[in-house]
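Q: Take these sequences, add in the hints, and give me the full structure.
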Amino acid sequence: GQMKPIRNSIKAIIIRDRHVLLIKNIDKDGFWYVFPGGGQNAGEDMLAALRRECFEETGISISVGPLRLVREYIGRNHEFPESDGDVHQVELYFECGLVSGSEPKNGEMRDTNQVDVEWVSLESLGSVRVYPKLFQKGLGDFHTIYVGDIN
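According to the working numbering, the sequence shown is numbered sequentially starting from 937.
Hints listed in this document are in silico derivations from the structure and should not be mistaken for laboratory results. Note that the coordinates shown come from a computational prediction; the quantities given were computed from them, not determined experimentally. Errors might be hidden in some of the hints.
Okay, derived cross-link-like pairs now, DSS-like style, lysine-lysine, Cα gap no bigger than 25 Å in a straight line [said to hold, decoys possible]:
no., residue 1, residue 2
1, Lys-1041, Lys-960
2, Lys-940, Lys-1041
3, Lys-960, Lys-1073
4, Lys-960, Lys-1069
5, Lys-1041, Lys-964
6, Lys-1073, Lys-940
Using C-beta positions, here's what the derived DEER-type ranges look like [to be verified]:
no., residue 1, residue 2, range
7, Lys-940, Val-1051, 23 to 31 Å
8, Ser-1019, Arg-952, 29 to 37 Å
9, Asn-1013, Ile-951, 13 to 21 Å
10, Ser-1060, Asp-965, 15 to 23 Å
11, Lys-940, Gly-1076, 29 to 37 Å
12, Arg-1012, Arg-1065, 20 to 28 Å
13, Arg-1065, Ala-978, 26 to 34 Å
Ideal placement from N, C-alpha and C gives every residue a C-beta, glycine not left out.
A: As structure tokens, this is what we get:
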């Protein structure tokens, strides 16, 4: 079928006290987690998109650090082709910090499935449903930034 236009999604890796800030979602199979952030608008640079999306989802102000990971998601190649078959998303993960005094909460303009924000301990990443699944192995050193089309 016809593919939608490629979409850029800019994501934040925020670590504090050996915990990472994740967006908690729910579906028929239970809870699942993604990193804060979201779609970049035309005419908006990546850092502006990331700041806006983090604020909308979690009410936080962030400082943006280095790019850590670039991931593609071409839906028809993975486990949800019936719902994601027309999706091609490019995700860019930046290491970020919380601006002093900023504490995450469930944001005003949160995503459809979003039920909460949660500080997940780095040790427990392997035992939760987190996307991309690469992060179940932890947030250690990535040997490469661009990891291709994975789920």
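Q: Which of the listed hints are not met by the structure?
A: Checked against the structure, the hints that fail are numbers 2, 6, 9, while the rest are satisfied.
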